[in-house]
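Peer 1: If you're matching them up, the sequences are chains A and B in order. Each residue of the first sequence is one higher than the one before, counting from 1 in my numbering. Each residue of the second sequence is one higher than the one before, counting from 1 in my numbering.
It is possible that part of the hints are untrue.
Chain copies aren't distinguished; within one or between two, either way the pair holds.
Unchecked claim - Computed list of lysine-lysine pairs in DSS-like fashion (alpha-carbon distance at most 27 angstroms, straight line):
no.: 1; residue 1: K134; residue 2: K268
no.: 2; residue 1: K77; residue 2: K43
no.: 3; residue 1: K43; residue 2: K268
no.: 4; residue 1: K71; residue 2: K89
no.: 5; residue 1: K77; residue 2: K134
no.: 6; residue 1: K71; residue 2: K233
no.: 7; residue 1: K71; residue 2: K185
no.: 8; residue 1: K134; residue 2: K43
no.: 9; residue 1: K257; residue 2: K89
no.: 10; residue 1: K134; residue 2: K264
no.: 11; residue 1: K185; residue 2: K77
no.: 12; residue 1: K77; residue 2: K89
no.: 13; residue 1: K134; residue 2: K248
no.: 14; residue 1: K257; residue 2: K185
no.: 15; residue 1: K71; residue 2: K191
no.: 16; residue 1: K240; residue 2: K185
no.: 17; residue 1: K264; residue 2: K71
no.: 18; residue 1: K248; residue 2: K233
no.: 19; residue 1: K43; residue 2: K185
These are calculated hints, taken from the structure and not from any lab test.
2 protein chains.
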Amino acid sequence: MRIAFDAMGGDFAPEAMVDGTLRAAREWPDTQFVLLGVEDEVKPHLAGELPTNVQLMAVTQHIETDEEPVKAIRRKKDSSIVRGCRMVKEGEADVFISAGNTGALMAAGLLVTGRLPGIERPALAPIFPTLTQKGMLVLDVGANPEARPEHLEQYALMGSLYAEAVLGFERPRVGLLNIGAEGGKGTTFTKEVYQRISALPLNFIGNVEARNVLNGDCDVLVCDGFSGNILLKNTEGVAKAIFDRLKKEFTRNAITKLAAAILKPGLKRFATEMDYKEHGGAPLLGLQGPVVKAHGSSDARAVFNAVRQARLYVEQQVITRISDELNRLEGDEHR
Amino acid sequence: MRIAFDAMGGDFAPEAMVDGTLRAAREWPDTQFVLLGVEDEVKPHLAGELPTNVQLMAVTQHIETDEEPVKAIRRKKDSSIVRGCRMVKEGEADVFISAGNTGALMAAGLLVTGRLPGIERPALAPIFPTLTQKGMLVLDVGANPEARPEHLEQYALMGSLYAEAVLGFERPRVGLLNIGAEGGKGTTFTKEVYQRISALPLNFIGNVEARNVLNGDCDVLVCDGFSGNILLKNTEGVAKAIFDRLKKEFTRNAITKLAAAILKPGLKRFATEMDYKEHGGAPLLGLQGPVVKAHGSSDARAVFNAVRQARLYVEQQVITRISDELNRLEGDEHR
Numbered sequence: 001m002r003i004a005f006d007a008m009g010g011d012f013a014p015e016a017m018v019d020g021t022l023r024a025a026r027e028w029p030d031t032q033f034v035l036l037g038v039e040d041e042v043k044p045h046l047a048g049e050l051p052t053n054v055q056l057m058a059v060t061q062h063i064e065t066d067e068e069p070v071k072a073i074r075r076k077k078d079s080s081i082v083r084g085c086r087m088v089k090e091g092e093a094d095v096f097i098s099a100g101n102t103g104a105l106m107a108a109g110l111l112v113t114g115r116l117p118g119i120e121r122p123a124l125a126p127i128f129p130t131l132t133q134k135g136m137l138v139l140d141v142g143a144n145p146e147a148r149p150e151h152l153e154q155y156a157l158m159g160s161l162y163a164e165a166v167l168g169f170e171r172p173r174v175g176l177l178n179i180g181a182e183g184g185k186g187t188t189f190t191k192e193v194y195q196r197i198s199a200l201p202l203n204f205i206g207n208v209e210a211r212n213v214l215n216g217d218c219d220v221l222v223c224d225g226f227s228g229n230i231l232l233k234n235t236e237g238v239a240k241a242i243f244d245r246l247k248k249e250f251t252r253n254a255i256t257k258l259a260a261a262i263l264k265p266g267l268k269r270f271a272t273e274m275d276y277k278e279h280g281g282a283p284l285l286g287l288q289g290p291v292v293k294a295h296g297s298s299d300a301r302a303v304f305n306a307v308r309q310a311r312l313y314v315e316q317q318v319i320t321r322i323s324d325e326l327n328r329l330e331g332d333e334h335r
Numbered sequence: 001m002r003i004a005f006d007a008m009g010g011d012f013a014p015e016a017m018v019d020g021t022l023r024a025a026r027e028w029p030d031t032q033f034v035l036l037g038v039e040d041e042v043k044p045h046l047a048g049e050l051p052t053n054v055q056l057m058a059v060t061q062h063i064e065t066d067e068e069p070v071k072a073i074r075r076k077k078d079s080s081i082v083r084g085c086r087m088v089k090e091g092e093a094d095v096f097i098s099a100g101n102t103g104a105l106m107a108a109g110l111l112v113t114g115r116l117p118g119i120e121r122p123a124l125a126p127i128f129p130t131l132t133q134k135g136m137l138v139l140d141v142g143a144n145p146e147a148r149p150e151h152l153e154q155y156a157l158m159g160s161l162y163a164e165a166v167l168g169f170e171r172p173r174v175g176l177l178n179i180g181a182e183g184g185k186g187t188t189f190t191k192e193v194y195q196r197i198s199a200l201p202l203n204f205i206g207n208v209e210a211r212n213v214l215n216g217d218c219d220v221l222v223c224d225g226f227s228g229n230i231l232l233k234n235t236e237g238v239a240k241a242i243f244d245r246l247k248k249e250f251t252r253n254a255i256t257k258l259a260a261a262i263l264k265p266g267l268k269r270f271a272t273e274m275d276y277k278e279h280g281g282a283p284l285l286g287l288q289g290p291v292v293k294a295h296g297s298s299d300a301r302a303v304f305n306a307v308r309q310a311r312l313y314v315e316q317q318v319i320t321r322i323s324d325e326l327n328r329l330e331g332d333e334h335r
């Protein structure tokens with residue numbers, strides 16, 4: 001297996017990307033790792049000799065976090081993001097992982113790697129932390145903000161297959177993000193999606209309200225990219241605000257600092273559970289080849305987790321399964 | 001001033017409703033309070049003689065939390081919710097407050113109290129807690145899940161006027177909930193809303209991302225009812241999940257319990273800040289008369305806060321101001 005890596009993307013790049021890759025290279029000596037990066041920037045972090053299964057591939061351009069995605073991938077054809085997506089397209093890599101500009105990665109995935117035949121819109125599918133510690137795959141969180149009902153039908157299918165093959169859920173419970181729990185609730189849009197998903201051969205459990213996401217009420221949550229993005233960012237924002245505010249209370253004086261020190265192991269355990277980075281990256285489901293978005297604030301550990309997940313994504317041949325399932329359903333319809 | 005009260009709605013009704021009303025009646029002896037409730041259920045909580053400014057008005061029906069809103073208000077015309085909305089419509093009360101079935105209250109507001117001329121869709125506008133402790137008015141959170149851009153334009157106008165008159169914000173900063181910070185981000189829908197609000201005589205600060213809501217990045221946040229509902233329920237759900245989980249860590253053993261006891265005042269202070277109930281109720285903006293939704297889990301204190309806010313809503317003549325502003329803008333357009 002050959003994994004291409006964006007050495008340039010993410011808040012702690014290139015250092016965290018390099019460290020994570022080297023760690024993964026030691027863990028999986030049978031896997032080839034290709035680091036795509038600007039030589040002058042990456043080299044200083046490659047102390048000593050490279051493991052035989054790691055290779056640096058020089059690129060000359062870098063897409064910044066705040067660049068306009070489509071313009072960036074058109075102008076910077078020799079950036080790590082465009083090169084990585086092309087490697088997957090051309091079979092030079094089995095999977096590409098990047099913690100860089102999310103919009104640019106989605107655009108390159110769509111325009112360079114390309115859609116899987118039969119899929120109308122790819123979806124970005126991160127794993128949300130849940131109190132059950134099993135996590136929940138949520139799709140789409142913004143690859144396609146103006147979704148149509150048939151897109152969400154395909155998300156349900158792709159998400160279920162991925163959750164089963166890569167995340168280890170048995171008959172994943174698929175839920176629809178909605179503003180009421182009972183069937184028949186919501187908008188014209190969600191009502192149509194509900195009907196469509198009901199007709200699929202999935203373990204569809206119906207509507208799930210936003211208040212129950214962290215409880216892990218389902219394993220795969222389907223939503224349009226606009227709502228999904230609101231959900232993702234709000235969850236991150238509320239958790240961050242609460243932890244920041246708690247810190248203020250805990251460091252108020254010497255006594256509270258002492259008390260907080262006693263509670264620290266428990267708080268840390270909880271913070272780890274709530275950490276996106278523990279769960280690996282977010283696949284861009286619906287492309288012809290595996291492209292995975294790692295969290296922007298990925299450290300070496302997050303990179304390592306993303307590799308573990310990406311390996312399963314490839315090994316389990318999820319994309320072939322999605323393609324087969326689409327053909328099978330298509331066949332059923334025409335019978 | 002005459003305030004009508006739904007004694008039957010909310011998790012702690014009728015007791016909390018009665019207690020809150022009696023407390024408010026003592027605080028504001030110049031205000032008349034009308035408790036709408038089923039006599040047999042409310043009477044036991046009215047110990048001793050009623051203050052001269054509190055009156056029990058008997059109704060014979062009650063709309064439960066899980067009833068289908070429109071059916072319920074059609075079938076139960078002698079329920080507290082329908083009677084209260086009618087009192088406002090007919091000038092028998094200056095404002096109606098209910099902690100009952102939200103959907104039924106919205107339906108009764110729309111169908112019984114009626115829309116303000118010129119307003120296409122009323123909006124439910126709760127106050128979100130913020131780390132700045134000033135709160136943020138968010139509208140709409142579900143009165144109108146299938147909003148059109150012109151509806152959000154009216155929300156911006158109504159929300160700004162309400163936030164200035166009732167919540168004390170000077171030139172309230174109006175933001176648009178969106179999935180990117182820069183102008184031009186988002187969907188066709190949000191782009192059109194952005195243009196429309198930009199053209200209004202408001203302090204519009206542009207897009208606000210869901211991750212920044214608790215930071216209080218704006219004073220009035222405008223969104224469609226579907227996204228707003230997701231935002232509201234997710235915020236509640238994430239906060240609840242985190243506090244529940246912290247409780248588990250804090251009560252793990254005798255030592256952590258002791259440490260938690262030391263931190264308790266700070267945690268309590270924070271929990272109070274984050275408590276919706278501290279901020280009063282959510283007006284249904286865009287109706288001909290003031291109707292206020294109090295939180296379903298309202299206790300006597302929340303009821304009291306809702307009264308304080310409702311009094312300002314009436315005194316500041318917010319509805320007249322909204323109506324005048326609509327006419328003025330209409331006039332400008334036709335000039």
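Peer 1: If a hint holds in the structure, say so; if it does not, say that too.
Peer 2: These are the hints, each one checked on the structure:
1. Proximity of K134 to K268 under the C-alpha cut-off of 27 angstroms is restricted to the intra-copy arrangement: shortest distance 18 angstroms within a copy versus 30 angstroms between copies.
2. Proximity of K77 to K43 under the C-alpha cut-off of 27 angstroms is restricted to the intra-copy arrangement: shortest distance 22 angstroms within a copy versus 76 angstroms between copies.
3. Proximity of K43 to K268 under the C-alpha cut-off of 27 angstroms is found in neither arrangement, the shortest distances being 34 angstroms within a copy and 51 angstroms between copies.
4. For the homomeric pair K71 and K89, the shortest alpha-carbon distance inside one copy (20 angstroms) is at most 27 angstroms, but the shortest distance between copies (55 angstroms) is not.
5. In this assembly of identical chains, the alpha carbons of K77 and K134 never lie at most 27 angstroms apart, being 38 angstroms within a copy and 47 angstroms across copies at closest.
6. Taking the closest pair of Cα atoms, K71 and K233 come within 27 angstroms of each other only inside a single copy of the chain (25 angstroms); across copies the shortest separation is 36 angstroms, beyond that limit.
7. Only between protomers do K71 and K185 lie at most 27 angstroms apart by alpha-carbon distance; the minimum there is 14 angstroms, versus 40 angstroms within a single protomer.
8. For the homomeric pair K134 and K43, neither the shortest alpha-carbon distance inside one copy (38 angstroms) nor that between copies (49 angstroms) is at most 27 angstroms.
9. Taking the shortest alpha-carbon separations for K257 and K89, neither the intra-copy value of 53 angstroms nor the inter-copy value of 56 angstroms comes in at or below 27 angstroms.
10. Taking CA atoms no more than 27 angstroms apart as the test, K134 paired with K264 passes inside one copy only; the shortest distance there is 23 angstroms, against 30 angstroms between copies.
11. Taking CA atoms no more than 27 angstroms apart as the test, K185 paired with K77 passes between copies only; the shortest distance there is 24 angstroms, against 46 angstroms inside one copy.
12. For the homomeric pair K77 and K89, the shortest alpha-carbon distance inside one copy (14 angstroms) is at most 27 angstroms, but the shortest distance between copies (64 angstroms) is not.
13. Proximity of K134 to K248 under the C-alpha cut-off of 27 angstroms is restricted to the inter-copy arrangement: shortest distance 18 angstroms between copies versus 30 angstroms within a copy.
14. When the C-alpha separation of K257 and K185 is checked against a cutoff of 27 angstroms, the pair qualifies neither within a copy, at 48 angstroms, nor between copies, at 43 angstroms.
15. In this assembly of identical chains, K71 and K191 lie within 27 angstroms of each other by CA distance solely across copies; the values are 19 angstroms between and 36 angstroms within a copy.
16. For the identical chains of this complex, K240 and K185 are inter-copy neighbours only, at 24 angstroms across copies versus 31 angstroms inside a copy, given an alpha-carbon limit of 27 angstroms.
17. Taking CA atoms no more than 27 angstroms apart as the test, K264 paired with K71 passes in neither setting, with 46 angstroms inside one copy and 52 angstroms between copies.
18. For the identical chains of this complex, K248 and K233 are neighbours both inside a copy (22 angstroms) and across copies (26 angstroms), given an alpha-carbon limit of 27 angstroms.
19. Proximity of K43 and K185 under a CA criterion of 27 angstroms is satisfied in neither setting, with 56 angstroms inside one chain copy and 36 angstroms between copies.
Comparing the model with each numbered hint stated earlier shows that hints 3, 5, 8, 9, 14, 17, 19 do not hold.
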